Amino acid sequence: MSNKIENQKMNEEIVRELVRRFKHGEEKAYNELVNLYKQRIFNLVLKMVRNREDAMDLAQEAFVKAYHSLKDFRGEASFSTWLYRIAVNLCLNFTQRDKFRSFILLEEMTQPLLSSDSPLKDLEQKELDKAIDQAVLNLPGKQRTVFILRHYQELPHSEIAKILDKSEGTIKANYFQAVKKLRKSLAGFIE
Amino acid sequence: MVDYYENSLPPEERKLVQSHLEICPDCQKELQKIRSTFELLENESAYEPDEAYWINFIPGVRLKIEKGQGTTLVPIPRLKIAGGIVSLALVLLLGIFLFKEDQRVMFKSSQEPYSYLLPAEGEKIDQLFYAEADNESSISKLFSETDRDKLALAETELEKYSWDKGGKEEALKELDLKQLENLKKALEKTKFKKEIL
Numbered sequence: 721m722s723n724k725i726e727n728q729k730m731n732e733e734i735v736r737e738l739v740r741r742f743k744h745g746e747e748k749a750y751n752e753l754v755n756l757y758k759q760r761i762f763n764l765v766l767k768m769v770r771n772r773e774d775a776m777d778l779a780q781e782a783f784v785k786a787y788h789s790l791k792d793f794r795g796e797a798s799f800s801t802w803l804y805r806i807a808v809n810l811c812l813n814f815t816q817r818d819k820f821r822s823f824i825l826l827e828e829m830t831q832p833l834l835s836s837d838s839p840l841k842d843l844e845q846k847e848l849d850k851a852i853d854q855a856v857l858n859l860p861g862k863q864r865t866v867f868i869l870r871h872y873q874e875l876p877h878s879e880i881a882k883i884l885d886k887s888e889g890t891i892k893a894n895y896f897q898a899v900k901k902l903r904k905s906l907a908g909f910i911e
Numbered sequence: 029m030v031d032y033y034e035n036s037l038p039p040e041e042r043k044l045v046q047s048h049l050e051i052c053p054d055c056q057k058e059l060q061k062i063r064s065t066f067e068l069l070e071n072e073s074a075y076e077p078d079e080a081y082w083i084n085f086i087p088g089v090r091l092k093i094e095k096g097q098g099t100t101l102v103p104i105p106r107l108k109i110a111g112g113i114v115s116l117a118l119v120l121l122l123g124i125f126l127f128k129e130d131q132r133v134m135f136k137s138s139q140e141p142y143s144y145l146l147p148a149e150g151e152k153i154d155q156l157f158y159a160e161a162d163n164e165s166s167i168s169k170l171f172s173e174t175d176r177d178k179l180a181l182a183e184t185e186l187e188k189y190s191w192d193k194g195g196k197e198e199a200l201k202e203l204d205l206k207q208l209e210n211l212k213k214a215l216e217k218t219k220f221k222k223e224i225l
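So the sequence lines, in the order shown, correspond to chains C and P. With the first letter of the first sequence counted as 1, position 157 gets the number 877 in this note's numbering; the numbers rise by one all the way through. With the first letter of the second sequence counted as 1, position 162 gets the number 190 in this note's numbering; the numbers rise by one all the way through.
Just to be clear, a hint being listed does not mean it is correct.
[As the list claims (entries may be wrong)] With a cut-off of at most 25 angstroms between alpha-carbon atoms, the simulated DSS-like pairs for lysine-lysine come out as follows:
#1 P:K57 to C:K901
#2 C:K841 to P:K43
#3 P:K92 to C:K748
#4 C:K791 to C:K748
#5 C:K862 to C:K841
#6 C:K841 to C:K886
#7 P:K95 to C:K791
#8 P:K43 to C:K900
#9 C:K850 to C:K886
#10 C:K758 to P:K92
#11 C:K900 to P:K61
#12 C:K901 to P:K61
#13 C:K904 to C:K846
#14 C:K862 to P:K92
#15 P:K92 to C:K743
#16 P:K95 to C:K748
#17 C:K846 to P:K61
#18 P:K61 to C:K850
#19 P:K57 to C:K900
#20 C:K904 to C:K850
#21 C:K886 to C:K862
#22 P:K95 to C:K892
#23 C:K862 to C:K758
#24 C:K904 to P:K57
#25 C:K900 to C:K846
#26 C:K841 to C:K904
#27 P:K95 to C:K758
#28 C:K846 to C:K901
#29 P:K43 to P:K57
#30 C:K904 to P:K92
#31 C:K886 to C:K900
#32 C:K850 to C:K901
#33 C:K850 to C:K791
#34 P:K57 to C:K892
#35 C:K743 to P:K61
#36 C:K892 to P:K61
#37 P:K92 to C:K791
#38 P:K61 to P:K43
Hints in this document: simulated from the structure, not taken from any laboratory. Predicted model only: the values in this text are computed from it and were never measured.
With the sequences and hints as input, model every part of the structure.
Right, here's the structure in full:
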């Protein structure tokens, strides 16, 4: 058994124990769960909504939602699968509802320029970031989610299938379509 | 092909794809495109919130839990529901209002077309609409004799403008060409509404 799998099993055991303790009334256990997943959930949310301010807020909200639902969590899926599902749905609802605003924010978003010696390079980088943001936001919800879970979160297709409650084949097809669309949207940057 | 690029194919499948790639220029091109796309995506800037955000993360979550707000998204569905109820009530009221008005048109139109809408000045308005046909006024250019059956909405439309200013005749005179055109469009709608009723 490789170290990676061993570590994963150990982590799952720790998480199960924390969930059990929380369900038995130990509030502090939830803080530990948040600590374990906050970084991953923030990164997921940021890639989904593509706006820093919104991501900071939504990442916390995902944990608030999870807190209120955890009592009903039966452990059929792993805690991380369940938590990812909550965060993904939150983001999809948010971007669906706020699509227009997201695009405006993208236009107005003033990301600090990188402090390199070349302003031209900084500008190019900013343009590229904006193009990627727009290309990803333009993907249909499912394709965007699959792409983000796979590319940025580096989750296996099987895990994504569990999060989205779809077959692995569907996930693979969505991923391929997403890459194809991104390639088309970003053609101007690809030599 | 994406799986091949990501090295996530089982060894046997990977071998098959590899052998195919060696002899297929189209697939080589496709693979190159996929590679370029992923290489480009690798150049995206990373963002990491400052330390203060992480320090305040759990307290922030706790505060939201204690406030019982759930999420900032929660009030939106509530607003939506409230908005929906208000909209429904408005639609119902509007429906009742329109239904009543249209019934009135139907009932009266069979006997004394439209003059009921203008109990005191109906005739005058009628005259104003058509008597000036010979004078080449803007009104007579817009309304022909066949438009006569649309007078019901004419009044409604006129009320929107300045009905009370100086009586109906004056109000009609005050309309500019654009307003008259709008009036005519509204009259067309009335005709349609009448027909479907």
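Checked hints:
no.	hint	in the structure
1	P:K57 to C:K901	16 angstroms, holds
2	C:K841 to P:K43	40 angstroms, violated
3	P:K92 to C:K748	16 angstroms, holds
4	C:K791 to C:K748	15 angstroms, holds
5	C:K862 to C:K841	33 angstroms, violated
6	C:K841 to C:K886	42 angstroms, violated
7	P:K95 to C:K791	19 angstroms, holds
8	P:K43 to C:K900	23 angstroms, holds
9	C:K850 to C:K886	31 angstroms, violated
10	C:K758 to P:K92	15 angstroms, holds
11	C:K900 to P:K61	9 angstroms, holds
12	C:K901 to P:K61	12 angstroms, holds
13	C:K904 to C:K846	19 angstroms, holds
14	C:K862 to P:K92	29 angstroms, violated
15	P:K92 to C:K743	19 angstroms, holds
16	P:K95 to C:K748	18 angstroms, holds
17	C:K846 to P:K61	23 angstroms, holds
18	P:K61 to C:K850	21 angstroms, holds
19	P:K57 to C:K900	13 angstroms, holds
20	C:K904 to C:K850	15 angstroms, holds
21	C:K886 to C:K862	10 angstroms, holds
22	P:K95 to C:K892	41 angstroms, violated
23	C:K862 to C:K758	23 angstroms, holds
24	C:K904 to P:K57	14 angstroms, holds
25	C:K900 to C:K846	23 angstroms, holds
26	C:K841 to C:K904	23 angstroms, holds
27	P:K95 to C:K758	20 angstroms, holds
28	C:K846 to C:K901	21 angstroms, holds
29	P:K43 to P:K57	18 angstroms, holds
30	C:K904 to P:K92	41 angstroms, violated
31	C:K886 to C:K900	20 angstroms, holds
32	C:K850 to C:K901	16 angstroms, holds
33	C:K850 to C:K791	40 angstroms, violated
34	P:K57 to C:K892	21 angstroms, holds
35	C:K743 to P:K61	50 angstroms, violated
36	C:K892 to P:K61	18 angstroms, holds
37	P:K92 to C:K791	18 angstroms, holds
38	P:K61 to P:K43	20 angstroms, holds
The earlier numbered hints that this structure contradicts are 2, 5, 6, 9, 14, 22, 30, 33, 35.
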